[in-house]
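Asks: Residues per chain, in single letters:
2 protein chains.
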Amino acid sequence: MEHGGQESNIAKKEDGQAPRTSPQSRRSGRAGTQAAEVSGQAIGRMVEAFSSLPGIGKKSAERLAFAILSMPREEAFGIAQAILDLKNNSRYCTVCNNITEDDICGLCRDAKRDPSRICVVEEPSNILILERTGIFRGRYHALMGAISPLDGIGPEDLKIDGLIERLKAGTVKEVIIATNPTVKGETTALYLSKLIKPLGICVSRIAYGLPVGGDIEYADENTVQRALEGRREM
Amino acid sequence: MEHGGQESNIAKKEDGQAPRTSPQSRRSGRAGTQAAEVSGQAIGRMVEAFSSLPGIGKKSAERLAFAILSMPREEAFGIAQAILDLKNNSRYCTVCNNITEDDICGLCRDAKRDPSRICVVEEPSNILILERTGIFRGRYHALMGAISPLDGIGPEDLKIDGLIERLKAGTVKEVIIATNPTVKGETTALYLSKLIKPLGICVSRIAYGLPVGGDIEYADENTVQRALEGRREM
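Note that the protein sequences, when read in sequence, are chains E and X.
This note's numbering applies: residue 1 is where the first sequence begins, and numbers increase by one.
This note's numbering applies: residue 1 is where the second sequence begins, and numbers increase by one.
Worth double-checking, as some hints may not be accurate.
Repeated chains share a single entry, so a pair holds when one copy, or any two copies, can fit it.
Unchecked claim - Restricting the straight-line Cα-Cα distance to at most 25 Å, the calculated cross-link-like pairs of lysine to any residue (SDA-like) are: (1) LYS59 <-> GLY230; (2) LYS194 <-> GLU156; (3) LYS168 <-> TYR191; (4) LYS59 <-> ASN88; (5) LYS58 <-> PRO72; (6) LYS184 <-> GLN41; (7) LYS184 <-> ALA67; (8) LYS59 <-> GLU229; (9) LYS159 <-> LEU195; (10) LYS59 <-> LEU150; (11) LYS59 <-> CYS202; (12) LYS58 <-> ILE135; (13) LYS173 <-> ILE160; (14) LYS58 <-> SER70; (15) LYS168 <-> PRO72; (16) LYS59 <-> GLY78; (17) LYS59 <-> SER70.
It is worth saying that the hints were derived from the structure and are not from the lab.
For reference, chain E alone in the conformation it holds in the complex (with noise of 0.2 Å):
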């Protein structure tokens, strides 16, 4: 107990003595302002930058700022070299609009691929995770975003005029649309749905369910509707 006691002492003298900042002001101003006044203008320039990127609040982009300080000098300029490379090099394929240093991408080149099938996403980086699976052997179309009407965001918006093109070849026998399972992808489905089967090719969408590794309980109903309406014989 002297211990405790020694600091309970310590903490009454800091109370009385030091103002203490609230918490208002404590939290205001950009992420990197307290990072600068104490660690200099770099570290809080870095710190601000960091935390424009997705999923990184503060605390993780002063952790990213200290641990660029502490890496060899060449590996933390390899990071931005990395940055200026990819902006300066990358660019969208022009027939599937992939990511791709080249005009076209390594996918739509690749002559082992299966041209009869294409899988239509949201955005460039979801070819991505569904190459990941190593299921899919055909080729791919980004759309470039998804149908929302609220956000003022129509099909001419997207990129649906070059995948028509694309089907019109008469080489694509079935479409699979792999849009989000969210509002604004099954608007994009159905609409894409209606607009492809007429030229006689076959549509499907990627299947709703329980994520592999959930529990039932923890699911929602819609999800556990979907499961249920999708489900398949054993």
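For this one, chain E is given, so just place chain X on it according to the hints.
Replies: Only chain X this time, still in chain E's reference frame:
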């Protein structure tokens, strides 16, 4: 059930045609390998660079890379520049080892801060976390690590000499040891305490106890024991 039935046919077709990549082959290689194959070398290098940062796995690195790709050019270049500036301009304060762009950091130069109390931390980044509380208005000293015999780190590897020199100047009345609540941090605290007390300076240790907002049910017994020992009269 019709929809589900259609999908099951499609799934069977897929199983028959595509040689499914084994989990091993999919997980092998460096973090950016698959991203590079699907979306180009620049994305791959970016994913690899980001994966070298703490707390950033392959998936987060990919999300960050795609976020940078869709950023305005100037914003992305700003992040790269912030990294370069950080490495080029930041150094350690010659007094307390805080991060600074000058010889002596802002906290050491601030005449309004109480020079009679020094808070000792393991890393310069800890200073920022303590400053955030707004409760301590004294000076700091970063040891640049903690004593860890297993890793071959002894007291001579830490910035302890500089601390003792500062204490011998005679202004300091209290040293608050805020090393981590770990075996290394505790060992370092004990070592410093034995070293500093003979100088006639009060040595205190930050409190162990339950974290604010935590649940006693989930606290480990060591923490609960320390919380009991450190109890304070209300």
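Asks: 25 Å Cα cut-off: does LYS59 pair with CYS202 within a copy, between copies, both or neither?
Replies: neither (49 Å within a copy, 32 Å between copies)
Asks: Up to 25 Å between alpha-carbons, please classify LYS168 paired with TYR191: within, between, both or neither.
Replies: within (17 Å within a copy, 77 Å between copies)
Asks: Go through the copies and call it for LYS59 and GLY230: within, between, both or neither, with a Cα cutoff of 25 Å.
Replies: Cα proximity of LYS59 and GLY230: none, with 42 Å in one copy and 29 Å across.
Asks: Is it within a copy, between copies, both, or neither that the alpha carbon of LYS159 lies no farther than 25 Å from that of LEU195?
Replies: within (14 Å within a copy, 70 Å between copies)
Asks: Taking 25 Å as the upper bound on the Cα-Cα distance, should LYS59 and GLU229 be classified as within, between, both, or neither?
Replies: Intra 43 Å, inter 31 Å, cutoff 25 Å: neither.
Asks: First find the shortest C-alpha distance between LYS168 and PRO72 inside one copy, then the shortest across copies, and answer within, between, both or neither for a cut-off of 25 Å.
Replies: For LYS168 and PRO72, neither the intra-copy (54 Å) nor the inter-copy (34 Å) Cα distance is at most 25 Å.
Asks: At most 25 Å between CA atoms: does that hold for LYS194 and GLU156 within a copy, between copies, both, or neither?
Replies: within (15 Å within a copy, 74 Å between copies)
Asks: Within a copy, between copies, both or neither: where do LYS58 and PRO72 come within 25 Å Cα-Cα?
Replies: Intra 24 Å, inter 21 Å, cutoff 25 Å: intra and inter.
Asks: When no copy is named, should LYS184 and GLN41 be tagged within, between, both, or neither for a Cα gap of at most 25 Å?
Replies: Answer is neither; intra-copy 42 Å and inter-copy 31 Å both fail.
Asks: State whether the alpha carbon distance between LYS184 and ALA67 is at most 25 Å within one copy, between copies, both, or neither.
Replies: between (38 Å within a copy, 20 Å between copies)
Asks: As a check of your reading, is LYS59 near LEU150 (CA-CA no more than 25 Å) within one copy, between copies, both or neither?
Replies: neither (33 Å within a copy, 30 Å between copies)
Asks: Checking an output row: LYS173 and ILE160, CA cutoff 25 Å. Within, between, both or neither?
Replies: within (17 Å within a copy, 72 Å between copies)
Violated hints, in rising order: 1, 6, 8, 10, 11 and 15; the structure is consistent with all others.
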